[in-house]
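Number of protein chains: 2
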Amino acid sequence: MNQKIARFFEEQRPQTPCLVVDLDVVEQNYNDLHDALPDARIFYAVKANPAPEILALLARLGSAFDCASVPEIQMALAAGAPAERISYGNTIKKEADIRRAYELGVRLFAFDSDAELEKLARSAPGARVFCRILTSGEGAEWPLSRKFGCDLKMARALLLKARDLPVEPYGVSFHVGSQQKDLKQWDHAIFQVAQLFRELEVLGVDLGMINLGGGFPTRYRTDVPECTAYGQAIFESLRTHFGNHLPETIVEPGRGMVGNAGVIESEVVLVSRKSDEDPKRWVYLDIGKFSGLAETMDEAIQYPIEVVGEGMDDPDGEAVILAGPTCDSADVLYERAEYRMPSELKAGDRVRIHATGAYTTTYSAVCFNGFAPLQQICI
Amino acid sequence: MNQKIARFFEEQRPQTPCLVVDLDVVEQNYNDLHDALPDARIFYAVKANPAPEILALLARLGSAFDCASVPEIQMALAAGAPAERISYGNTIKKEADIRRAYELGVRLFAFDSDAELEKLARSAPGARVFCRILTSGEGAEWPLSRKFGCDLKMARALLLKARDLPVEPYGVSFHVGSQQKDLKQWDHAIFQVAQLFRELEVLGVDLGMINLGGGFPTRYRTDVPECTAYGQAIFESLRTHFGNHLPETIVEPGRGMVGNAGVIESEVVLVSRKSDEDPKRWVYLDIGKFSGLAETMDEAIQYPIEVVGEGMDDPDGEAVILAGPTCDSADVLYERAEYRMPSELKAGDRVRIHATGAYTTTYSAVCFNGFAPLQQICI
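Protein chains in written order, with full-length UniProt numbering: chain A, 1 to 379; chain B, 1 to 379.
Next comes chain A alone, as it looks inside the complex (with noise of 0.2 Å):
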């Protein structure tokens, strides 16, 4: 429980639904995760929560930036970021965002497929790129698809075209999936990046960079590994599969450096029940799918959620269905998953939803049913 959000609530009372991220603990996230992997160079990835205040902050503790399009890139620069600290790490990028972003300054490029490395090489010579391979995304919560990525073979094949092309082939990234709760699975994908490395180096291609990806987790009604766990895991595992000969690494956090930061405060609008006989109470929150809480989708994400002045998923309490606001149907959040809330529950009181402070702001939408987009303020 964070006291200091906690207090901010109960003096400012500010209209609901909004979300309170206290940046001293996105600051000590930074400080984990850099004490965690040393080594590492932590790029922070903006979609995550693209807050001014938070990129200000991140900016001035020397973190770098993880950007998906040329807005982020800008929001970035506006906060300090140096363009020496910032990757384009989208696979999917049209050539005159690549150029754009090339005139801001901005070196480093992802890429997955033949067509985008000829758009690098046209519309950013000289960058460095790194090619993203495929991985499973088994353990993760947050569903991972194909969508980026491509498999070894092609990998190596573009990286090797990369040599000839005039950009420089810097490294190799992946991603385990977000919310990653398996160690095991950064070690599989280092293995075979260091596979592939060694691979290139026989082909005269020295690569100097892996990038780590995302997927370090936040807590939500279950416990995940410590920070520590994470960056010993990835050390021994670089350390098998690399031996002394490490290459520079990137990691690039976004849900675990600001999902445990931030507090959503939202007002019940509704308790009811569908029959006399229903065994479960609908509660109706201002707050729903389509204005924040998009990762609710197939209850993928369960954030904990208390109850002003009754505390956390009360045991003793009655078995709530979870929903929002708007008239559409597909705007309920939890059916399956068992929350339980006090009986005496009704309109008007408020429920605070925790480890709210990524994926939450930039997914809401612009006028959905006429509410507004959730409002946030850092703290």
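Derived from the structure by calculation, the hints contain no laboratory data. Some clues are possibly wrong.
For chains that are exact copies, the list does not tell them apart, and a pair is met inside one copy or across any two.
To be verified - Straight-line alpha carbon distances no greater than 35 Å define the calculated DSBU-like cross-link-like pairs of lysine-lysine that follow:
#1 LYS280 - LYS161
#2 LYS280 - LYS153
#3 LYS161 - LYS346
#4 LYS346 - LYS184
#5 LYS184 - LYS280
Once you have looked at the hints, place chain B on chain A.
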């Protein structure tokens, strides 16, 4: 194929992604629905597309408005609709919002629970209230959960209770599910409502209105019944179950009013394969699940997609997987649905996504991955 929209795209070449809505089609849809159901009052579901131009056109044509929130009520008023043509159709409302709507002159409200009825009695004295009943949603393409409505027994008890409160028990509503293609679903619900009317009449409560909800479909990749077929099925069902004593009827089209009036133009950002042996190409567009195409969730709504210059759903084309431009793994549009596109397709080509006039702009995220929300132009 809408020639007016095609011409606009060719002459104006707006920056993609861009939704263009043809107001003539909206007018035609309004007139068709009015002709098909001449005795029903049309309440346009503002949430489907609240563009000021659409609301102003419909207000001028005499349409009433189904609103989900106070901002939607304000939009309808601003478009020229008098308050007596507005229904606050959301069964989940903050009491402060009920008061605000009442102050704005709204006198027609939905509810489906005891707590909501109490709020209406306190904060909207004298208003007409209608109770929403649960339906199964079978046959609908967009999932209908149990989120809205109560069972018939509870509806009867609540409407009976309303008689003794300072509100007018006015009617019953249901919703057969969005994009409903099974005409029998209306008959089943109307049968239940007629029974409820008779039971309450015996108890001294004379209801005057049946709200048939929405569900009227738009043609996506497969044919849907004609508007006139819906009108006929509904009229016959009303005659069968109500005899000559027909109640006032209300319909709430959203998708059926604006869906086929809009076309999104989008640019292909990348075409790639994951390996040399990959049987399907990945086609990445500059619009995705988080910038307007939320209804591709679980591939529920399958829009007709035209490659500009090549035509629709090329049977000679090769199978593709379609995905959006963000770094989010979940931002995949169609993987199982069989879309085919020409083998020469490449980055920079344009596609038109048809029947996207409803439920696109407002689902769009504020700034996910730094991408701007979907822009809309009404012509």
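Okay, the hints, checked on the actual structure:
no.	hint	in the structure
1	LYS280 - LYS161	between (60 Å within a copy, 23 Å between copies)
2	LYS280 - LYS153	between (53 Å within a copy, 17 Å between copies)
3	LYS161 - LYS346	between (64 Å within a copy, 20 Å between copies)
4	LYS346 - LYS184	neither (45 Å within a copy, 38 Å between copies)
5	LYS184 - LYS280	between (39 Å within a copy, 30 Å between copies)
Hint 4 from the list above is the single one not met by this structure.
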